[in-house]
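**Q** From first to last, the protein sequence lines are chains A and B. For the first sequence, position 240 matches number 240 in the working numbering, and the numbering has no gaps at all. For the second sequence, position 2 matches number 2 in the working numbering, and the numbering has no gaps at all.
Warning: the hint list may mix true and false statements.
[To be verified] Quick look at which bits of chain A chain B covers, simulated, 3 or more residues with Cβ under 8 angstroms: (1) 367-379; (2) 393-405.
[What the hints assert, rightly or not] Beyond 10 angstroms from chain B on every Cβ pair, some chain A residues (computed): (3) Gly22; (4) Asn110; (5) Lys201; (6) Pro277; (7) Ser429; (8) Gly503.
FYI, nobody ran anything at the bench for these hints, they're computed from the structure. Being a predicted model, the structure only gives us computed values, none of them experimental. Here a beta-carbon is modelled for each residue, glycine too, at the ideal position from N, C-alpha and C.
Okay, here's what each chain looks like letter by letter:
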Amino acid sequence: MLSTYTYPRYAHHRPAEIERPGEVPRHPVIVVGAGPVGLAAAIDLAMQGTRVLLLDDDDTVSVGSRGLCYAKRALEILDRLGCGDPVVDKGVTWNVGRTFYGNDEVFRFNLLPEADHHRPGMVNLQQYYLEEYLVKRASDLPNLELRWKNKVVGVTPAGNGARVEVEAAEGRYALDADWLIVADGARSPIRRQLGLDIEGKVFQDRFLIADVVMKADFPAERWFWFDPPFHPGQSVLLHREADNVWRIDFQLGWDADPEAEKHPERVIPRIRAMLGPEREFELEWVSVYTFQCRRMQNFRHGRVLFVGDAAHQVSPFGARGANSGLQDTDNLVWKLKLVMDGKAPEQLLDTYSDERVFAADENLLNSTRSTDFITPKSQVSRDFRNAVLTLAREHAFARSLVNSGRLSVPAHLTGSALNTPDTETFEGSMHPGAPLADAPVRHQGRDAWLLAHTGHDFTLVLFVASLADIDAGTREAIRSLADAAIPVRTLIVSQLDGDAPAGATLVVDHQGVAAKRLDARPGTAYLLRPDQHVAARWRRLDAAAVRAALARATCNA
Amino acid sequence: MEHLNTRPNFGRPGQTPLHAFTPGDDFYEMLIETHRGLSDEASRLVNARLVLLLANHVGDLRVLREALDAARAGVASGESAR
């Protein structure tokens, strides 16, 4: 098969532990699995100043395009980790989705992103590129050690951490970890070895996925067919990737033979029927997959923390796999750091599980609904699906019922125990638990983005008309919050430019977009968590209220 | 159409969903769940009963006339759902 991509082979070294049997070095955090989620966890921890060891059983990136669609929230997290630009630059930004039924186009949608966000709604990029960029970022961080070809073969949890048995080409060795982050994928050998349940629904269907290289003038759009003439009775998806590579998904049905269907002599005629006899193309990668919609009961087991596919799996319709995994680590790492530093009790890590289980359930619900629509499992279900499709061309209500995957959007953690409920009235959707909406601002005379000035730490976003609004009491509040054990830095969002007071950063809301999205007036203050979710908000700043909300958001109340 | 509303209209009074697609998806799931475990014949009966219940609720014959016409439009006499 053709290759547009050269897989890197990362160097691996003889682990020093093999020379010293009997010694078991202790690490503050070990992350298992250098996929996108494990890499993001390790990078985030290292950026927070924690020494972290990342172990992977392979020495290269993901084979095949796999996780393809990265949604806005994932891109914002990658921005925080310093990897957003290469992903967006290399990726294919798309907005238009077209839906066909039989021979006819029934409707098209446009994800046309709301203006004034740094990142688009969705970018397509082969998973191997994302991993390559994350590996490069990881290698720039001095307190992050990445060991390739070091396979974890056993985990023994203990009260104060876990013993990890590792197998390298040169032999076996043991490590102790205070905390273990498990990002070893859907099959998760560690989850299995520990005998932990993961429950849900198996979908009895098979899908053929092919990366096809071709020069095509198709626009960068998502094309989805229900029951097309070239693949009757099933669904087909066409999606653009980087480098003139196209993703084609064929629904095959449960009775298909997964091995036989992978052979080029079976795959090529399917693609030729779709693209027509004239089109030249080459196969790059082919796989046949099934999927499950399921999650673990609890993502935390003492000092062993599960993230990404190891903790939850969804159907691929709706791009909720890698996207939700990145949100897992976004949620987990700041909490783990506070606990490791003795600044928050271990219960804070239970809220990682609570919040991400809530998000996983939302992802499971949406991806299950999409799957049920795409692959109806009874005659009546098929009748309704086809009725919707036949009405969709003419009637708007039916178009909104066509469900070939809902855009992956982050969960609003509205029920979280870490939120301080509103005591005043706000319009819009930036309620406690919401991920902060981005907005264009100016910083030191240059164009900037609101989100880029938040994250990593707790941030107090304080809206003012001008710096004249900041009196001595406010300055003192800003200083005392910055100097607290868990520091809160202040971001002043002003209508007019000026010099920020000590301990604060100032951005100018020159278009008023930030104030509009956050329903802010002069005096309005938002407390943001390190993962950019809203913890609390008020119409006027009261340092005692901020301290109380901070305590609540860190289980210190 | 003068009387029949074919704009997206699912929801709960007084509630604004975070995502516009959610109420429609909620309904669709309720609809499919209602048929779970039924034979095709039993499902046809349930669907016919459902049409009658909703038609009575709508009541307005002008709306029902338009709905019946819209449902029938483009469906050939021998057509079956694929």
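**Q** Next step is simple, just say for each hint if it's right about the structure.
**A** Checked hints:
{"no.": "1", "hint": "367-379", "in the structure": "holds (count 5)"}
{"no.": "2", "hint": "393-405", "in the structure": "holds (count 8)"}
{"no.": "3", "hint": "Gly22", "in the structure": "56 angstroms, holds"}
{"no.": "4", "hint": "Asn110", "in the structure": "14 angstroms, holds"}
{"no.": "5", "hint": "Lys201", "in the structure": "13 angstroms, holds"}
{"no.": "6", "hint": "Pro277", "in the structure": "26 angstroms, holds"}
{"no.": "7", "hint": "Ser429", "in the structure": "6 angstroms, violated"}
{"no.": "8", "hint": "Gly503", "in the structure": "35 angstroms, holds"}
The structure shown violates just one earlier hint, number 7.
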